[in-house]
Amino acid sequence: MKYPLLIASVVILLSFTVGCQNGAQKAELEKVKMQKAIEEQNKQVARDFFAAIDRQDFTKLKDLLAEDFALNDPGSPVPLHADNLFAGIKDHYTAFPDWNHVIEDVTAEGEKVTVRLIQYGTHKATYMGIPATGSRVHMAALHVGRIVDGKIKDWFAVEDYLGLMTQLGMELKPKEAKKK
Amino acid sequence: MNKYLCAIPSALLLCFTIACQDKAAMAELEKFRAQAKVQEQNKEIVKRYWNGKWNERRLEILDELQTSDVVNYGTSMKINNLKEYKQVYGMFLSAFHDTHLTIEEISAEGDRVMTRVVFRGVQQGALEGIPATGKTVTISIFTVFRLVSFCRKTRDLLYRCTLRFRSTHQFLI
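Order-wise, the sequence lines are chains A and B. Read left to right, the first sequence gives residues 1 to 180 (our numbering). Read left to right, the second sequence gives residues 1001 to 1173 (our numbering).
Keep in mind that the hints are not guaranteed to be accurate.
Unchecked claim - DSSO-like cross-link-like pairs, simulated, lysine-lysine; straight-line CA separation at most 30 Å:
hint, chain 1, residue 1, chain 2, residue 2
1, B, LYS1078, A, LYS173
2, B, LYS1037, A, LYS36
3, B, LYS1135, A, LYS175
4, A, LYS60, A, LYS33
5, B, LYS1023, A, LYS31
6, A, LYS112, B, LYS1037
7, A, LYS26, B, LYS1031
8, A, LYS26, B, LYS1037
9, A, LYS173, B, LYS1086
10, B, LYS1047, A, LYS43
11, A, LYS31, B, LYS1043
12, B, LYS1031, A, LYS173
13, B, LYS1031, A, LYS31
14, B, LYS1031, A, LYS36
15, A, LYS33, B, LYS1043
16, B, LYS1135, B, LYS1047
17, A, LYS175, B, LYS1037
18, A, LYS33, B, LYS1135
19, A, LYS153, B, LYS1043
20, A, LYS43, B, LYS1037
21, A, LYS36, B, LYS1047
22, A, LYS112, B, LYS1031
23, A, LYS33, B, LYS1078
24, B, LYS1047, A, LYS112
25, A, LYS36, B, LYS1043
26, A, LYS153, B, LYS1037
Stated by the list, open to error - According to the in silico footprint, chain A covers these stretches of chain B (three or more CB under 8 Å from chain A):
hint, segment
27, 1022-1035
28, 1106-1112
It is worth saying that the hints were derived from the structure and are not from the lab. Heads up, the beta-carbon is just placed ideally off N, CA and C, and yes, glycines get one too.
Produce the entire structure from the sequences given, and follow the hints as far as they go.
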């Protein structure tokens, strides 16, 4: 009479032990899955960012940027803000009305997203002092962003301006030696 | 008496159900863990590469860490294989002295690693038509590496596989 009860309780205890042992690993799995999901979301935010620029959709852009968004531009000693970014985009699209971004690769780890892309456009109005050439140009770029809670906190862009300027007819040459 | 006998098989069934359900979860977790491990290994390879190239200045680092069909996509140049890479690297090695490289940022996903590094060097040798200026240059380099498992047949006909990078996309400022 005792034995079946004893065996039953041992078996039940065992099943709970097995279940509990995997609890910690299950928690780890959930954490990893959530991290992956966030990384995928971040990649989509980056894609949406470029799509919004292509469409000149400043409302959407504002929505994607955090309150304290900072744009790190190699040409500027201090980070720029959303309005600087928008002004820059407007200026660029005046010169290249059909400018668009073709994303080649997106990588994400944690909060950071790296986007490798090529941009295309036609030179229809004066750009950086260069009058319209009508040339169809391309410019490769690498953008790295930090995305927190679905909003872009900061952004760093490296663009092949040298390549672009060369296509617009400019050339690089040594500075004139200041003699005499 | 019969009641207890019925309890045992159902308890056993419960035990097996719980254990089996976890097998799928365990397999998935193992997969993620393995992927994370490869990503960390990839990052180590890239760190070794940068260090070997500009801090240790060792030409052999290219043989060690690149595949023979490695391709570099730079903004103004494309390098098509290991042999060309060595030539280009050799050229920069002789042009720049007192080189130092710092890795500012490194991240990985899947088979790719992204780095932002700062290169500093003194131009003491001619470079692509520019005579030695003695000037110190500081450049930020953004690179996306794609790593693969590179397998070589060794003398005893075993395959030895190491991780190497097969392509890089590079941007300089």
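Going down the list of hints, with the structure as the test:
Note on LYS1078 (chain B) and LYS173 (chain A): the hinted pairing holds, with a Cα-Cα distance of about 22 Å set against a maximum of 30 Å. For a cut-off of 30 Å, the pair hint linking LYS1037 (chain B) to LYS36 (chain A) stands: about 15 Å separates their Cα positions. Restraint check for LYS1135 (chain B) and LYS175 (chain A): satisfied, since their Cα atoms lie roughly 15 Å apart, inside the 30 Å limit. Pair hint LYS60 (chain A) plus LYS33 (chain A) holds up; C-alpha atoms about 28 Å apart against a cutoff of 30 Å.
Taking the CA atoms of LYS1023 (chain B) and LYS31 (chain A), the gap is near 18 Å; set against the 30 Å cutoff, the hint holds. The hinted pair formed by LYS112 (chain A) and LYS1037 (chain B) meets the criterion: a straight-line CA distance of about 19 Å does not exceed 30 Å. Between LYS26 (chain A) and LYS1031 (chain B) the CA atoms are separated by roughly 13 Å; this keeps the pair inside 30 Å, and the hint holds. For the proposed pair LYS26 (chain A) and LYS1037 (chain B), the alpha carbon gap of about 19 Å is at most 30 Å, so the pair holds.
Among the hinted pairs, LYS173 (chain A) with LYS1086 (chain B) is consistent with the structure: their alpha-carbon atoms are about 27 Å apart, no more than 30 Å. Of the pairs offered as hints, the one joining LYS1047 (chain B) and LYS43 (chain A) holds, with about 25 Å between alpha carbons and a cut-off of 30 Å not exceeded. For the given pair, LYS31 (chain A) sits about 22 Å from LYS1043 (chain B) by alpha-carbon distance, which is consistent with the 30 Å threshold. In summary, the hint linking LYS1031 (chain B) to LYS173 (chain A) is not supported, as the alpha carbons are separated by about 54 Å, beyond the 30 Å threshold.
Using a Cα cut-off of 30 Å, the hinted pair LYS1031 (chain B) and LYS31 (chain A) holds, with the two alpha carbons roughly 14 Å apart. For the suggested pair LYS1031 (chain B) and LYS36 (chain A), the alpha carbons sit about 13 Å apart, so the restraint of at most 30 Å is met. Distance hint between LYS33 (chain A) and LYS1043 (chain B) is fulfilled; the C-alpha atoms sit about 22 Å from each other, no more than 30 Å. Distance check on the hinted pair: LYS1135 (chain B) and LYS1047 (chain B) sit about 27 Å apart at the alpha-carbon level, within 30 Å; holds.
Annotation: proposed proximity of LYS175 (chain A) to LYS1037 (chain B) is violated, straight-line Cα distance about 50 Å (limit 30 Å). Using a Cα cut-off of 30 Å, the hinted pair LYS33 (chain A) and LYS1135 (chain B) is violated, with the two alpha carbons roughly 50 Å apart. Between the alpha carbons of LYS153 (chain A) and LYS1043 (chain B) the distance comes to roughly 25 Å, so the proposed pair stays at or under 30 Å and holds. Between LYS43 (chain A) and LYS1037 (chain B) the alpha-carbon distance is near 22 Å, which keeps this suggested pair within the 30 Å criterion.
Distance check on the hinted pair: LYS36 (chain A) and LYS1047 (chain B) sit about 24 Å apart at the alpha-carbon level, within 30 Å; holds. Restraint check for LYS112 (chain A) and LYS1031 (chain B): the C-alpha separation of about 22 Å stays at or below 30 Å, so the hint holds. A C-alpha spacing of about 38 Å is found between LYS33 (chain A) and LYS1078 (chain B), which places the hinted pair above 30 Å, so the restraint is violated. Taking the CA atoms of LYS1047 (chain B) and LYS112 (chain A), the gap is near 19 Å; set against the 30 Å cutoff, the hint holds.
Simply put, LYS36 (chain A) and LYS1043 (chain B) have alpha-carbon atoms about 19 Å apart, close enough for the 30 Å limit, and the pair holds. Proposed proximity of LYS153 (chain A) and LYS1037 (chain B) is supported: the alpha carbons are some 28 Å apart, at most 30 Å. Here the segment 1022-1035 of chain B counts 6 residues with a CB under 8 Å from a CB of chain A, which clears the bar of 3, and the coverage holds. Three residues within the 8 Å Cβ limit are the bar, and the segment 1106-1112 of chain B against chain A gives 5, so the coverage statement holds.
Hint violations for this structure: numbers 12, 17, 18 and 23, all remaining hints satisfied.
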